[in-house]
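Peer 1: Numbering (the numbering used here), first residue to last: 11 to 389.
Hint data in this document are derived by calculation from the structure and do not stem from the laboratory. All residues carry an ideal CB built from backbone N, CA and C; glycine is no exception. Be aware that one or more of the hints could be misleading.
Unchecked claim - Label pairs and their in silico Cβ distance ranges: (1) P168 / E257: 25 to 33 Å; (2) A256 / A184: 55 to 63 Å; (3) R26 / D145: 47 to 55 Å; (4) P168 / D253: 52 to 60 Å; (5) R300 / E91: 40 to 48 Å; (6) A184 / E257: 51 to 59 Å.
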Amino acid sequence: MTVRLHWFLPTGGDGRTLVDRHAYAPGQDRQLRGVRAPDIEYLAQIAKAAEQLGFEAVLTPTGTWCEDAWLTTVALAQHTERLKFLVAFRPGLISPTLAAQMAATYQRVTRGRLLLNVVTGGDSAEQRRFGDRLDHDQRYARTDEFLSIVRGVWRGEPYDFHGSHYQVDGGLTALPPDPLPQLFFGGSSPAAGPVAARHADVYLTWGEPPAQVKEKIDWIRSLAEREGREVRFGVRLHTISRDSSAEAWATANRLLDDLDADTVAAAQTALGRSESVGQQRMLALHGGSRAELEIHPGLWAGVGLVRGGAGTAMVGSHSEVADLIEEYHALGVEHFVLSGYPHLEEAYWFGEGVIPELAARGLVEGRTTGAPILVGSGR
11 MTVRLHWFLP TGGDGRTLVD RHAYAPGQDR QLRGVRAPDI EYLAQIAKAA EQLGFEAVLT
71 PTGTWCEDAW LTTVALAQHT ERLKFLVAFR PGLISPTLAA QMAATYQRVT RGRLLLNVVT
131 GGDSAEQRRF GDRLDHDQRY ARTDEFLSIV RGVWRGEPYD FHGSHYQVDG GLTALPPDPL
191 PQLFFGGSSP AAGPVAARHA DVYLTWGEPP AQVKEKIDWI RSLAEREGRE VRFGVRLHTI
251 SRDSSAEAWA TANRLLDDLD ADTVAAAQTA LGRSESVGQQ RMLALHGGSR AELEIHPGLW
311 AGVGLVRGGA GTAMVGSHSE VADLIEEYHA LGVEHFVLSG YPHLEEAYWF GEGVIPELAA
371 RGLVEGRTTG APILVGSGR
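I would like the entire structure built from these sequences, with the hints used as guidance.
Peer 2: Structure below.
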């Protein structure tokens, strides 16, 4: 099992700061340094860099504060050749038969470059913005039915389904996607586990310390075995790698410079309202305090002070970050979905620093450990 590397497309904006450009205090007139709008030109730079550096795919988020993932990525497919797009979407906001048809069209338009990240949703306020009023566990029950229908209609023949949330008669994708998109799925609650076991190709967890990640892997693997299935595993992390450990930690500490006590408190209050068990586990790693942010050697929880979702970063020299990846990989983690601020620069730091380290250890395919140096003639 080799390491599969993916990057992130910041369709909600990017910059040299951890503070979200939309902020947690609406209406606050605050100028943030180094904030970049997610226009197509900038996102294309990141996508091209990811492709050039050897990342397999890029993840796009979904939600109120970012551009639509389907539309953005199909546009970016025209700027790239091989890069795949891990498109995040929320079951329940569109018909499952329509989602299956969209995926099939996407595969034909991009020549097979679609992966799907299923986001059930852990914030009722966010869901209500899109007209969804189901509670946490009901959303996972609906996702279970949704994915059953998607896989059913991908068979290319009429498919019937009669459940609590969906009634489908003769659902059909006349031209099924080829290949079928892999389904990435995350969720840490008791309601999420069985859904992942039944439907996920890759179970994706946020970057908790390795011991906690192992517990999740063991949990999902046992549930999948009861379903007669095998599930692969991935982890979602930020990364700060530099030529030396001291440089990397200095960069991490600079990211904290924008975070005054009021900003952190407002973010923690907002994030604390989330119904997501995974989000609550992220918050528990630091408790809103800057005191003990290195929660495992080379694993830093500073991002989670002000940002939801993935709240940890691998920090260190290129070799040290490769060590931590190898530690997760030994537990059974195959897919690493990575990001960093700003995403363009950090893609190069990781791609030119860590990927050669992983290649030298035989952990990534199709990469050499170095490129020949061309010496000029002096003219």
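Peer 1: Each hint needs a verdict: does it hold in this structure or not?
Peer 2: Hints versus structure:
1. Restraint check, P168 to E257: a C-beta distance of roughly 60 Å breaks the suggested window 25 to 33 Å.
2. Taking the beta carbon of each, A256 and A184 are about 59 Å apart, inside 55 to 63 Å as hinted.
3. Checked against the hint of 47 to 55 Å, the pair R26 and D145 fails, with Cβ atoms roughly 38 Å apart.
4. Here the CB-CB span from P168 to D253 is close to 59 Å, well matched to the stated 52 to 60 Å.
5. Roughly 43 Å separates the CB atoms of R300 and E91, a value that falls within the hinted 40 to 48 Å.
6. Our hint of 51 to 59 Å for A184 and E257 holds, since their Cβ atoms are close to 55 Å apart.
The structure shown violates the earlier hints numbered 1, 3.
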